[in-house]
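Visitor: Its first residue numbered 198, the sequence shown is counted upward by one per residue in this note's numbering.
FYI, nobody ran anything at the bench for these hints, they're computed from the structure.
Every value quoted in this text rests on a predicted model; they were computed, and no experiment measured them.
Here a beta-carbon is modelled for each residue, glycine too, at the ideal position from N, C-alpha and C.
Hints may contain errors.
Stated by the list, open to error - DSS-like mimics (lysine-lysine), calculated; alpha carbons at most 25 angstroms apart, straight line:
hint, residue 1, residue 2
1, LYS293, LYS309
2, LYS255, LYS221
3, LYS355, LYS333
4, LYS293, LYS254
5, LYS254, LYS309
6, LYS355, LYS345
7, LYS221, LYS206
8, LYS249, LYS206
9, LYS255, LYS309
10, LYS345, LYS333
11, LYS254, LYS201
12, LYS333, LYS309
13, LYS249, LYS293
14, LYS345, LYS309
15, LYS201, LYS249
Stated by the list, open to error - Taking CB as the label site, the calculated pair distances span:
hint, residue 1, residue 2, range
16, ILE367, LEU301, 46 to 56 angstroms
17, GLU304, LEU226, 47 to 57 angstroms
18, GLU302, SER220, 45 to 55 angstroms
19, ALA209, ILE252, 49 to 59 angstroms
20, PRO276, GLY238, 50 to 60 angstroms
21, ASN294, ASN324, 35 to 45 angstroms
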Amino acid sequence: TFDKRYTEKMTAARAAAAQMLGSKSDRALFEADTGVDFERGRSQILAAARGKEVIAKKAVISQSLDNLSDTARDAMDEPTRAAAIGTVRELIDGAKNEGILDPLEAENQRTKWAGDIATQWVTGALNREDPGAAAKILDQYGNMIDWKTRDALEARTKGVLDTREAVAGIDM
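Given the sequences, and given the hints that come with them, work out the whole structure.
Guide: Next comes the structure, spelled out in structure tokens:
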């Protein structure tokens, strides 16, 4: 709508100003000169509108990724989890293809999401007191998690496993 309003208002203003010029040659020169300014202004309006569109779509993408994290984290079965992961790929690829995310932003979003969800899976297993599952997830998906977080999760998992072994040794 920015483009439409700008075009309507500027066309009307240019026509009104041109009517005030008595000479046809002056009017033609005015229209040619203001035509360049008109197109430059229109280009700026379109760029501003695109910028607002990108910001709004990035917000929707961010919210969608958060929702898909919840779905993947809380999934009770593998098909639901796989569907959420597939949707994340499609969402990010679509945003990249549409020019909302540049290739680097898309890869960063994909990497961050994968690391976050893997971290949530490990943390969830530890919170359920299932260090074996946490260790398995770390073995399978640990490369997706940033090194600092991965080291902390591995230490926590090892600590829980070691404590269980020690307790099992005392019970015998």
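Visitor: Run every hint past the structure and note whether it holds.
Guide: Checked hints:
For the hint pairing LYS293 with LYS309, the CA-to-CA distance comes to about 16 angstroms; that is within 25 angstroms, so the pair holds. The hinted pair formed by LYS255 and LYS221 fails the criterion: a straight-line CA distance of about 50 angstroms is larger than 25 angstroms. Between LYS355 and LYS333 the CA atoms are separated by roughly 12 angstroms; this keeps the pair inside 25 angstroms, and the hint holds. Distance restraint check for LYS293 and LYS254: the Cα-Cα separation of roughly 11 angstroms lies within the 25 angstroms cut-off, and the hinted pair is therefore satisfied.
Between LYS254 and LYS309 the alpha-carbon distance is near 18 angstroms, which keeps this suggested pair within the 25 angstroms criterion. Between LYS355 and LYS345 the CA atoms are separated by roughly 15 angstroms; this keeps the pair inside 25 angstroms, and the hint holds. Under the criterion of a C-alpha separation no larger than 25 angstroms, the hint pairing LYS221 with LYS206 is consistent with the structure, at around 23 angstroms. Simply put, LYS249 and LYS206 have alpha-carbon atoms about 21 angstroms apart, close enough for the 25 angstroms limit, and the pair holds.
The hinted pair formed by LYS255 and LYS309 meets the criterion: a straight-line CA distance of about 15 angstroms does not exceed 25 angstroms. As the CA atoms of LYS345 and LYS333 are separated by approximately 18 angstroms, the hinted pair is consistent with the 25 angstroms bound. Proposed proximity of LYS254 and LYS201 is supported: the alpha carbons are some 22 angstroms apart, at most 25 angstroms. Distance check on the hinted pair: LYS333 and LYS309 sit about 20 angstroms apart at the alpha-carbon level, within 25 angstroms; holds.
Of the supplied pair hints, the one linking LYS249 and LYS293 holds, its CA atoms being roughly 17 angstroms apart against a limit of 25 angstroms. Taking the CA atoms of LYS345 and LYS309, the gap is about 14 angstroms. The hint holds against a cut of 25 angstroms. For the given pair, LYS201 sits about 16 angstroms from LYS249 by alpha-carbon distance, which is consistent with the 25 angstroms threshold. Distance hint for ILE367 and LEU301: a CB-CB separation of about 53 angstroms, consistent with the stated range 46 to 56 angstroms.
Taking the beta carbon of each, GLU304 and LEU226 are about 52 angstroms apart, inside 47 to 57 angstroms as hinted. A beta carbon spacing of about 54 angstroms between GLU302 and SER220 agrees with the range 45 to 55 angstroms that was offered as a hint. At roughly 30 angstroms, the beta carbons of ALA209 and ILE252 sit outside the given window of 49 to 59 angstroms. Hint check: PRO276 to GLY238, Cβ distance near 53 angstroms, so the stated range 50 to 60 angstroms holds.
The supplied range of 35 to 45 angstroms is met by ASN294 and ASN324, whose beta-carbon atoms lie about 38 angstroms from each other.
In terms of the numbered hints stated before, the structure departs from hints 2, 19, listed from lowest to highest.
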